[in-house]
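Peer 1: Here is how the chains run, residue by residue.
2 protein chains.
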Amino acid sequence: MIARLTIALDAMGGDDAPDVVIQGVKLAHNRFPNVKFLLYGDEARVGPLLDGVPDMRDYATICHTEDAVSNDAKPSQVLRNGRKSSMWLAVDAVARGEAAGVVSAGNTGALMAVSKFVLRMLPGIDRPAIAGLFPTERGETVVLDLGANVECNANNLVEFAVMGEVFARAVLGVERPTIGLLNVGAEDLKGHESVRTAAGILRNSKLPISFHGFVEGNDICAGTVDVVVTDGFTGNIALKTAEGTAKLYATLLREAFGSSLMSKLGYLLARSALTKVRLRTDPRRYNGAMFLGLNGIAVKSHGGTDALGFANAIGVAIDLVAHGFNGRIKQELERLHPAQKAAPQAAIG
Amino acid sequence: MIARLTIALDAMGGDDAPDVVIQGVKLAHNRFPNVKFLLYGDEARVGPLLDGVPDMRDYATICHTEDAVSNDAKPSQVLRNGRKSSMWLAVDAVARGEAAGVVSAGNTGALMAVSKFVLRMLPGIDRPAIAGLFPTERGETVVLDLGANVECNANNLVEFAVMGEVFARAVLGVERPTIGLLNVGAEDLKGHESVRTAAGILRNSKLPISFHGFVEGNDICAGTVDVVVTDGFTGNIALKTAEGTAKLYATLLREAFGSSLMSKLGYLLARSALTKVRLRTDPRRYNGAMFLGLNGIAVKSHGGTDALGFANAIGVAIDLVAHGFNGRIKQELERLHPAQKAAPQAAIG
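Residue numbers (our numbering), protein chains in the order written: chain A, 1105 to 1453; chain B, 1105 to 1453.
For reference, chain A alone in the conformation it holds in the complex (with noise of 0.2 Å):
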């Protein structure tokens, strides 16, 4: 089945597109030879690019459209004017069955209001959430939500957990993840009503989740849990904070061996060990966060990512097609709300 899937592309969307979405293909490639990919986007920009990568017209077709998202368009004038955007018919292709998944680096609230419009909801998921991955001391935490919905109740909450177990399986090859809820500390009477409410359904619930409890923000990094789940305020504010904070040290590390002929030295020497560490914690590398609970599989690539991230995103979708994921999250939330396929009918009676 892998062997004909195919990945749709926004070549217009980021902040370098198209360059960056051709090299981030070209690379993609390598890892995933047979692969297909549509790309949406203007030929007369996109063609000379495809034509500078040897064969790449042997795995790559451009789908001409001259229109594309800009990244400060509102979400809803793309609904009502994108629908000849590269954006939209990206994400088209998939709800029209002629690709598996799409990736784009563009707009965030257009891609997401798109996708939400063109691909709908996956049956029993209230609101979609945006999960992406931390690097921790010991391997990788998937956390989300990262910025979907700024307000979130308990049963939100809950579906978020459910949909980052599959994630984590799906991702991170672990076998039964286990699932950690934000909060400001371990106890039972902190924090919102929120995350006391759903702590308390995950702990009683019959799914097959490994539910650790409440975790903190240190947690996140320490590899407490291999899912933490929050709203998409706090989610979001945590994501940036730590990469500030990371820019921060770059930025402190950097002055510091710059700082004399002997740490500039003490640098040279230890370069191929700090090759690694920067390597580890290359925001590249934890490039595609994925739009889940959608009825497809859609991934948002940083818009200023290069061709190494953006085919990290590339990957991030083909993993997740390869598992099955939308396939497993429904089977999931059957075993959440055992009643819901009845209810209809119960309805109609």
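Source of the hints: derived by calculation from the structure; they are not laboratory data. Among these hints, one or two may not hold up.
Since copy identity is lost for identical chains, a pair holds within one copy or between any two.
Lysine-lysine pairs mimicking DSBU-like chemistry, simulated, CA-CA at most 30 Å apart [said to hold, decoys possible]:
#1 Lys1294 to Lys1178
#2 Lys1310 to Lys1294
#3 Lys1380 to Lys1351
#4 Lys1351 to Lys1130
#5 Lys1188 to Lys1294
#6 Lys1310 to Lys1434
#7 Lys1130 to Lys1140
#8 Lys1380 to Lys1368
#9 Lys1188 to Lys1178
#10 Lys1380 to Lys1130
#11 Lys1351 to Lys1368
#12 Lys1310 to Lys1351
#13 Lys1294 to Lys1140
#14 Lys1130 to Lys1188
#15 Lys1380 to Lys1294
Assemble chain B onto chain A, guided by the hints.
Peer 2: Relative to chain A, chain B alone:
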């Protein structure tokens, strides 16, 4: 006035109390030779430690009590049964006018509850907030609330902005601090109702405040503004996520430098420059979170800090007293709510 300044200390609060407290007082004395200390705690344990430091009896007095608040005590229990504890009596010394401020490394929830009960709120402030300092690329930034209030409305956030601004002037010495509201994006339409309403109030107020607008998680460590205002849930998670990220970097760097003979040698050559980075980001340097909005100066030290960290917390309390911190907040609040002073009389009439 500073010549006679007295600070009350909970000598029994913290993981390594009373030892760390006594050693912290010794360090603080070197920096503030004219400050006197009241040490609330068990004479039998504190006395011998005091006698171990030459001349300490000249600037530190033991106020004997056998009770202490445990780390797992609930705030409500402490309010009922904790009136003879070292924590309560130290806070009460401020209420009685015997000390200008109090520092404790004990149970945070209990310290907040006791401080609110004993010191009362400043007139015009609904909720107290915990404020702390983060290292940034430009220096230091004040962040509040770090955990006193898991839910906040727009007015609470506006009050935090006013208190944070005065705090930044007192502790950072910034003449005209800039204020940012933590959000998931810089655009006006982003985020919770409460942050959007608070932004509107701050933009249109007549306060002499330099309001920058919304900031994101990465702006904290970038030092985009001098004061970052948020609710206690988000602030606590941002603080601990930053701490966790810093710890991850420290672990990875230690592993990298230890991974080969070459990198060990590299570390030795760069050591003095790397030590500067370590000192610059040393959590002990940022120890001492202030409880803002109370009718008295109360500072919380991290429970697990050492003598240097505890001495820094004492320094924060002394800075706030020396700058007439609470008097300044009262002035700013009167500008924010000019009608409030007259209102009670109108109600009586």
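Peer 1: The structure should be examined with respect to each hint, and the outcome stated for every one.
Peer 2: Cross-check of the supplied hints:
Taking the shortest alpha-carbon separations for Lys1294 and Lys1178, only the inter-copy value of 12 Å comes in at or below 30 Å, while the best intra-copy value is 37 Å. Taking CA atoms no more than 30 Å apart as the test, Lys1310 paired with Lys1294 passes inside one copy only; the shortest distance there is 24 Å, against 37 Å between copies. Taking the shortest alpha-carbon separations for Lys1380 and Lys1351, both the intra-copy value of 16 Å and the inter-copy value of 17 Å come in at or below 30 Å. Taking CA atoms no more than 30 Å apart as the test, Lys1351 paired with Lys1130 passes inside one copy only; the shortest distance there is 29 Å, against 36 Å between copies.
Taking identical chains as interchangeable, the C-alpha atoms of Lys1188 and Lys1294 lie at most 30 Å apart only when they sit on different chains, with a minimum of 27 Å there against 48 Å within one chain. For the identical chains of this complex, Lys1310 and Lys1434 are intra-copy neighbours only, at 16 Å inside a copy versus 54 Å across copies, given an alpha-carbon limit of 30 Å. Taking the shortest Cα distances, Lys1130 and Lys1140 sit within 30 Å of each other inside one copy (11 Å), while across copies they are farther apart (70 Å). In this assembly of identical chains, Lys1380 and Lys1368 lie within 30 Å of each other by CA distance both inside one copy and across copies; the values are 18 Å within and 15 Å between.
For a Cα distance limit of 30 Å, the shortest separation of Lys1188 from Lys1178 inside one copy, 16 Å, qualifies, whereas the shortest one across copies, 60 Å, does not. When the C-alpha separation of Lys1380 and Lys1130 is checked against a cutoff of 30 Å, the pair qualifies only within one copy, where the shortest distance is 24 Å, while the shortest distance between copies is 43 Å. With identical chains, the CA atoms of Lys1351 and Lys1368 are at most 30 Å apart both within one copy (20 Å) and between copies (24 Å). For a Cα distance limit of 30 Å, the shortest separation of Lys1310 from Lys1351 qualifies neither inside one copy, at 42 Å, nor across copies, at 36 Å.
Neither within a single protomer nor between protomers do Lys1294 and Lys1140 lie at most 30 Å apart by alpha-carbon distance, with minima of 49 Å and 37 Å respectively. Taking the shortest alpha-carbon separations for Lys1130 and Lys1188, only the intra-copy value of 26 Å comes in at or below 30 Å, while the best inter-copy value is 72 Å. For the homomeric pair Lys1380 and Lys1294, neither the shortest alpha-carbon distance inside one copy (39 Å) nor that between copies (37 Å) is at most 30 Å.
Comparing the model with each numbered hint stated earlier shows that hints 12, 13, 15 do not hold.
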